[in-house]
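Taking the hints into account, I'd like the entire structure generated from these sequences.
Residue numbers (the numbering used here), protein chains in the order written: chain A, 26 to 325; chain B, 54 to 338.
Be a bit skeptical, because a hint or two may be false.
[Claimed, not checked] So, partial list: chain A residues that the calculated Cβ filter (under 10 Å) puts toward chain B: (1) Leu-92; (2) Arg-111; (3) Asp-113; (4) Ala-123; (5) Glu-140; (6) His-142; (7) Val-144; (8) Asp-145; (9) Ala-147; (10) Ala-182.
FYI, nobody ran anything at the bench for these hints, they're computed from the structure.
C-beta: ideal position from N, C-alpha, C; glycine also.
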Amino acid sequence: MTEVRSRTTTTPAAVLVRGVTQTFTARRGSVTALQAVDLTVAPGEFVSLIGPSGCGKSTLLRIVADLLQPTSGTVEVGGKSARQARLDQDYGIAFQQAGLLDWRTVRANIELPLELHGVDRARRRARAGELLELVGLADFAGHRPPQLSGGMQQRVAIARALAESPGLLLMDEPFGALDEMTREHMQTELVRISGETGAAVVFVTHSIPEAVFLSHRVVVMSPRPGRIAEVVPVSLGERDESTREAPAFYATITQVREALRGRPVPAVEGLVADLEGGQGGQGGQGGQGGQGALGARGAL
Amino acid sequence: MVVVGLALVVLVWEAYKSWGPASGVSVFGTTVLPRTTDAAMPHLSTVARAFTAPEVGGAITFGPTRTVLDSVVSAASHTLGWAAAGFVIGVIVGMLLALVMDRLEVVERAVLPYVVLSQTVPLIALAPLVTKWGQGWSVGGLSWQTWMSVAVIAAYLAFFPVAVGMVRGLKAPTAVHLDYFRCSAAGWWRTLVRLKLPSSVPYLVPSLRLAAAGAVVGTIVAEISTGLDGGIGRLIITYAQQATGDPSRTYAAVAGAAVLGLVAAVLVSLADVALWRFHRAGEAR
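Right, here's the structure in full:
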């Protein structure tokens with residue numbers, strides 16, 4: 026964390042959001058999706074956006090991606106305007122649906138962004154080869170997306186997002202449609218990949234353990250109007266499978282959950298109850314922790 | 054399966070001819086099934102033999118004797134050529150229309166109803182108009198030919214399924230795909246070539262099949278209504294007029310027209326095969 030933050034002084038922030046407000050005008054009046062949001066993501070930092078439906082986390086991501094223009098406020102990506110960053114391909118993006126082109130092979134899907142920007146065939150092929158290795162799909166280069174499982178398709182989408190070696194990766198619930206086992210595996214993979222590529226990541230999710238496991242910081246958002254309620258720093262050090270069993274992991278999960286519920290961070294007793302209650306947002310039952318989990322899920 | 058289907062048709066035809074009443078089947082005075090006399094329903098073997106018979110009626114023949122088969126094949130190939138011209142024009146016009154409609158929603162709302170309406174205009178009424186418009190029209194040394202009118206009329210039928218199918222196809226990409234292409238800073242052209250056109254193939258291929266059938270039907274009808282000589286439409290009429298004694302010849306020409314339709318369908322299927330990966334991607338290879 027501290028190491029990551031110290032770098033901000035030398036290079037521009039991966040994402041700099043200042044006073045962003047987004048209002049959607051519907052037939053019946055207008056809806057404020059985001060109100061005065063400030064967010065800074067350092068280079069190489071992994072930040073998750075979490076919050077109930079309608080809190081504007083996807084809207085915020087879309088604004089950073091320049092898929093939406095904010096009603097007011099400014100957005101910079103790597104020191105450039107969001108629009109310029111999009112045109113210069115300074116970020117890669119992955120959505121909940123992999124959004125692959127079914128008529129192209131896995132390899133051709135990964136090459137697509139390079140092809141769109143006129144990279145020559147030899148370099149495209151070489152880069153796709155590296156990325157296939159990175160996401161562990163080298164054996165499936167010639168397959169077509171419909172022949173792959175959901176998790177594999179999502180890995181192709183991530184490889185595609187990384188094709189231009191962007192300094193920033195935007196991910197909108199990329200593992201939302203995957204089963205729990207695949208999901209945990211993908212999380213481990215993503216931690217490794219983001220570590221290897223050094224890219225900053227803005228990750229939208231509904232899952233508290235997912236946010237905690239992946240992130241350096243978890244940004245908790247609240248709805249109506251969407252704004253940042255709290256930013257929870259995560260200090261779990263190097264992530265591996267044992268991280269998921271660590272007391273600090275559960276402690277942070279509780280912290281995020283309390284932030285989502287808008288209550289103060291609990292004392293140690295809360296942590297113990299949580300350990301009994303299982304992994305919180307993943308459907309733990311019984312006990313005080315389980316209650317909390319259900320409460321949080323209900324809000325989601 | 055094609056052979057089985059053909060065999061079934063032959064069987065039904067001959068069975069009805071053998072056992073059906075000579076005066077046909079009437080319900081409340083309306084004939085629902087034809088008479089089975091040789092003049093109305095010749096044996097199919099007679100029709101087959103008609104192909105090899107020398108053509109004597111009408112045309113003055115020089116040199117070696119022309120058989121009916123020769124005439125039918127020659128006429129069908131002329132018709133196929135005109136239909137192909139009409140098909141190509143129709144597909145190009147239909148695609149361009151679809152592209153404009155996809156690009157500008159205003160145009161879609163303004164034009165699409167008229168595209169649909171265009172197909173309710175009877176072809177027979179259109180033929181003399183097109184011929185009239187064409188008269189006196191010339192570019193360079195190229196003056197308007199009657200076959201061009203025929204091709205235009207064929208195109209008039211062919212463009213419709215292409216325009217409608219293609220508009221749907223261009224709208225087939227999902228929001229995620231469109232978002233991805235926007236994030237990749239892909240402009241209109243690249244999005245069209247890499248995303249929209251490939252996505253439209255599953256909609257386009259059935260449209261092309263309809264357009265091919267439409268072009269053939271349009272050509273045959275237009276030949277008759279413009280009085281263009283040398284095609285299969287004209288041949289059917291000619292044989293029908295001579296048919297008082299020999300109906301097998303008319304059936305021979307009709308069979309020729311049917312085969313022509315099949316050839317057109319097969320040609321379009323070749324396009325289908327060439328484009329397989331865009332619409333069979335979902336199936337295992």
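Structure-based check of all given hints:
Interface hint status for Leu-92 (chain A): upheld, as the beta-carbon distance to the closest one in chain B is roughly 6 Å, under 10 Å. Against a cut-off of 10 Å between C-beta atoms, the interface hint on Arg-111 (chain A) holds, since the closest Cβ of chain B lies about 6 Å away. Interface restraint check: Asp-113 (chain A) against chain B, minimum CB-CB distance 8 Å, threshold 10 Å, status holds. A least Cβ separation of about 8 Å between Ala-123 (chain A) and chain B falls short of the 10 Å threshold, and the interface hint therefore holds.
A distance limit of 10 Å between C-beta atoms decides the matter here; for Glu-140 (chain A) the minimum to chain B is near 7 Å, and the interface restraint holds. For His-142 (chain A), the suggested interface contact is upheld, since its CB lies about 8 Å from the closest CB of chain B, less than 10 Å. A least Cβ separation of about 12 Å between Val-144 (chain A) and chain B goes past the 10 Å threshold, and the interface hint is therefore violated. With a cut of 10 Å, the hint placing Asp-145 (chain A) at the interface with chain B is violated, because the nearest CB-to-CB distance is about 16 Å.
Because the smallest distance between the Cβ of Ala-147 (chain A) and any Cβ of chain B comes to about 20 Å, over 10 Å, the interface hint for this residue is violated. Taken as an interface hint, Ala-182 (chain A) checks out: its beta carbon lies about 9 Å from the nearest beta carbon of chain B, inside 10 Å.
Hint check: violations occur at hints 7, 8, 9; the rest are consistent with the structure.
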